[in-house]
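Chains A and B are the protein sequences, given in the same order.
Note that our numbering gives residue 514 to position 514 of the first sequence, counting from 1, and the numbers run on in steps of one.
Note that our numbering gives residue 1001 to position 1 of the second sequence, counting from 1, and the numbers run on in steps of one.
Careful: at least some of the hints might be erroneous.
Stated by the list, open to error - In the SDA-like style, the derived pairs of lysine to any residue whose C-alpha atoms are separated by at most 25 Å in a straight line are:
| no. | chain 1 | residue 1 | chain 2 | residue 2 |
| --- | --- | --- | --- | --- |
| 1 | A | Lys319 | B | Glu1079 |
| 2 | A | Lys373 | A | Ala384 |
| 3 | A | Lys319 | B | Ala1087 |
| 4 | A | Lys241 | B | Gly1085 |
| 5 | B | Lys1053 | A | Ser518 |
| 6 | B | Lys1084 | A | Glu162 |
| 7 | A | Lys341 | B | Cys1102 |
| 8 | B | Lys1084 | A | His355 |
| 9 | A | Lys341 | B | Ser1077 |
Bear in mind the hints are in silico, worked out from the structure with no lab data behind them.
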Amino acid sequence: MSYDLIIRGGRVVDGSGLPSYVADVGVRNGKIAEVGRLTESAARTIDAAGLAVSPGFIDHHTHLDAQMLWDPYGTCEPQHGITTVVMGNCGLTLAPIKKGDEDAVVKSFVRVEAIPRHALEQGVTWNWHSYGEYLDNFEGKVGINVGGLVGHIAVRHNVIGEEAVERKATSAEVQKMRAIILESMQGGALGMSTNRNERHMREDGKPVASRLADDEELFALCDVLAERNAGVIETILGRNKIEHFEFYHELAKRTQRPVLWQSLQHRWVEPNLWREQLNAVEPIFKAGYQAYGLSHTVPLVRHFTLQDCQVFDEFPTWKNLMFLPVEVRKQALADPDTRQKLRADFADPRPTNFHRRWDIPRVEKVVKGENQKYVGKTLAELAALRNQDPLDAFLDLALEEDLGTVFWNANNGGDRDAMGEILRSPYVLVGTSDAGAHVQFGADFGYGTILLGLWVRERQVMSLEQAIHKLTFHVASIFGLEGRGLLRPGYAADLTIFDPKTVGAHEPEWANDYPAASKRLIQKSSGLHYTIVNGRVIHEDGRMTGDLPGQVIRGPLYREQKAAA
Amino acid sequence: MGISYIPVARAGELSPGAMKEIDLGGRQALLAYVDGKYFAFSRHCPHEEADLKTAGQLLNGTTIRCNNHSYCYDLNSGECSLPKGAAPLTVLPAEERGEEICIRLEW
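Okay, chain B solo, but in the shape it has when bound (with noise of 0.2 Å):
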């Protein structure tokens, strides 16, 4: 058991609205950074695996919309807002931890 913090990026790299490609133990995803917070996510929709990186569209709050069949997710709890129950994106908790942002992993 432990916990895991992956930097990613570095403070103030992103600019607000941004989105950054990063491996996570070879698996792709995306950091967001949204309305102060920064967001780490699966970077393929859950709906028909388009990649967000290019269909991916942050929106006011906290949600992204995949533009290929727009599909929105909460970047917070990875729900599928809408259509409502569809399966979840996969979210990961990112913080900033001094200079660096980082994806917290525990286990």
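Next comes chain A alone, as it looks inside the complex (with noise of 0.2 Å):
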């Protein structure tokens, strides 16, 4: 029999994390037929010798509630190799919403996910009441895979109206709030996502709705899942506490449902929290219960000199240099008394963000030939070089240069122990891309071609096979979505083909695709040939083919309701 599609000859990576091997993949309507020797025809045939092929990756956090409704690519999802995305998360959704309402959800949306306002105005239809109508505007108009999680945020607006960002609920209220979610996970909700975080405000400054909601409302609505055995909890606390764990098991066991927490990360300031966090969750896994946090691969870099500079400005001394005029600056920074104070400043023990740490930023260019050997260097690699104290030989190379020397720092998941480790755990869920969120501020849909390039074969923390399964089957077992998440018979041909000797992800860059003419940031990938959903080429190297191809991804009550139907 023939097939609609086979991929020849690639290096076949299952997204189990078992060992990967050299197959033929046969894919016949929307779904993979057969693995193995293929010598039937079909009526398209990639040759995928050299390269990867895996189940498509699964982006379980995104906000791209709004976006996906003027982009059916929810763009640059798929140049990623992400064939499935999960919008509504940190309790923000645009659905179940009642007229009079929209406003107040777009408050919390341009503030807690910083969307430009006028693209939501401008984006947004509003044509739905309920969750399940949200998601029926994307039947058989999208080209990636859709699911979501229903938001307490808009749950608590439906119910309470404005006083949901300033009272708690009434009984009464919380037995509604209940039928709704309920109504939600009917209607094909994943789950429900809620959010605490002390720093998230709506636009005019007052707390996003479901910071108003004690534990008791909170168990409450947790306790639909929990009754109806469905569907993940994402939760967002804010500052990231030890004594969260207590809440997280608690949650946890009652509910006996994945509890998804924010976030794991290695900070330099704080290089043992991400440990402590891991030891915390451990009794909870290991009393039966999930609670994932959720982590990124995208370490948060910076690329200065210090002719204009404001990664020291946490510091005053620094500060007050780094806005003198160069001349001046100049001289200053070769004064050894300035140095005295610089040093001091960096001695002085209050937090900040700034790790003072030297073998973490490195030397990225030079302008003069002779200090090519320097480059990819650290700053205590460079000391160790020039036989200088780390400050002097930081200091004297960029005077050297005319101030014009490149550097290179990280202060968060720069560390490759520990974010092999942090990766490795299989109490941690990786991937916070925030895809549709923070969009004039950042793009991060390639965590996982950074997972793959930067994590896999540059730093090898994990196996390839092991990224791919944090990427796929991971994600696709605790958020429940059948038939996906596996390169298998049976499954969804939700296929991603890459080689694994050049993937990764580019530099953010500026695009103006956005509704109302806003900015906004995308990012290309390198490496990444083919995406596939459900059988049919969406992207193909770089460039998308316009089909259509996407699904709405419903949960389990949803199926239940139209079985029983």
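Need the complex rebuilt from these two chains, each delivered in its own frame; the hints are there to steer you.
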């Protein structure tokens, strides 16, 4: 029997974490029909010799709730191998909504997720009430698969109105919210999300509605998922504190549903917090409950010169120097007494974002040929090579090059060993792309391609098989995405074909593709050759095909409801 | 070690509530005149780098709000007052010296 598509001779990394193998993949009717040595013909054949073939990646932490309404690909998700996205995180969704509450929800999105108000005003049509009706908007109109969590903020506004940002709910209101959560799950939500982040306000400075919920309300809503044995509970509590783990434990135990918490990452200023978090979550899993920490793969990198540098603004002498006229600054940077003051600034023990370590910042680009030997060296290594104190080596090199030397620094996510342990942990869910949010500040669509390029190929903290598992079946299992996340016969033909030798993410760049001519940052990839959704190619070497094979992924209560009907 | 006074405006140049772009050693900053005092601060909001020249709104007292996401900063200390605890705005001391408004930089 012939196939719609055969991918020939690729290295199949099937999402299970098991060793990869070379095989052909036959696709028929949107599903994987066969994997092995295939002799039959196909309407289309892709030669994947030398490339890896894996399940499409599942981006479980997006805020594409609005963008997917005007951009059927959630650009740039497919360029990074993503075939399924989950919307509705951090308590924020565009549904359920009743007339008059739209602006309350917009106010929260604009502030918390930094989506331009004009884009939301022009791009969101509000032609729905329930969560199921909202999902209906995407049927037949999307290029990637979409699913979503129902957000506590919208649910609260739906029942309490504008007072949702001012007070606790009454018992009767909690009951109404429970009914809406159930209705949303039956409409297809994959779970619910809530937000207790003390920094999350609306545009008008009022807390987002979910912050007014006490434990009684929140637990009562989560109980709906427990009672129906369906869905995940996604949370954001704000600053990472070890005390939060009592809450996660209680919630996971009470509901026996997967609880997701934010976040776990390596920060140089709190270099042991990630380990304390992993230690704190382990007893929850050992007791038989699930509380996955969300982690990111993208180091927070800054490139800087001493001509125009904000990295040290937290330190008074450094800050003042960086605002001086350049010639005066150069004299000051060369002065031994000033250098003593700069050292004293770093010795001040108050907490700062900058880590004050010399073994992290690196020389990225030099001006003079004779300094080429320093490129890629940390400032500690530079100091050793020059037989100098690190601060002197740093400043002297910059001065020799008229402050033109480019340095690299990462305050977060830069430590290989720590990131390796975090990314490999079974208690960690990889990926916090935040796609669709903070659109003028960052673009982390490439969390998957960065995992494969930076952490697998360059820093070798995990195998390709482990990484693909983290990007696919690990997520599908936790979110209950039936029939997705594995490259096995019978599973959806959501596939990614990439070159492990070159896969990676580009630096973000500006685009003008948002409604109301709003600018935003996008991110392209390299080495990611094909993205296939439900058996149809949507992305081919940087070009979108225009095909829209995406499906709405609805949760188990929707399927139950439909089966019963 | 030393002190520099960098002149950035003439006394009386700014009307109450006005802001002026200033360049300090190649870095972009703003000078504001509020309640009879001058304040200098980085031109870009530390939250998501919005340009405070266009997105910044001076409120009563010594607060600037970035209208991009309504983050508020105290112009004396740079502290983020809303939401509390977020990254501070970089502020610089501004003072009148005769006919000039100067930024005082000590190192």
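Would you mind confirming whether the straight-line C-alpha gap from B/Lys1084 to A/His355 stays at or under 25 Å? Roughly 22 Å separates the two Cα atoms, so the pair holds.
Regarding the pair A/Lys341 and B/Cys1102, is the alpha-carbon distance no greater than 25 Å? It holds: about 23 Å lies between the C-alpha atoms, which stays within 25 Å.
Straight-line Cα separation of A/Lys373 and A/Ala384 no greater than 25 Å? holds (13 Å)
25 Å Cα cutoff - pair B/Lys1084, A/Glu162: The hint holds at about 23 Å.
Is A/Lys319 close enough to B/Ala1087, meaning Cα to Cα at most 25 Å? holds (15 Å)
Within 25 Å, alpha carbon to alpha carbon, are A/Lys341 and B/Ser1077? At roughly 21 Å apart (the allowed maximum being 25 Å), B/Ser1077 and A/Lys341 satisfy the hint.
For a C-alpha distance cap of 25 Å, please report whether A/Lys319 and B/Glu1079 respect it. Roughly 16 Å separates the two Cα atoms, so the pair holds.
Hinted pair B/Lys1053 and A/Ser518, Cα distance within 25 Å: holds (18 Å)
For the pair supplied as a hint, A/Lys241 and B/Gly1085, confirm whether the alpha-carbon distance does not exceed 25 Å. This hinted pair holds, its Cα atoms lying about 15 Å apart.
Every hint from the earlier list agrees with this structure, and none is contradicted.
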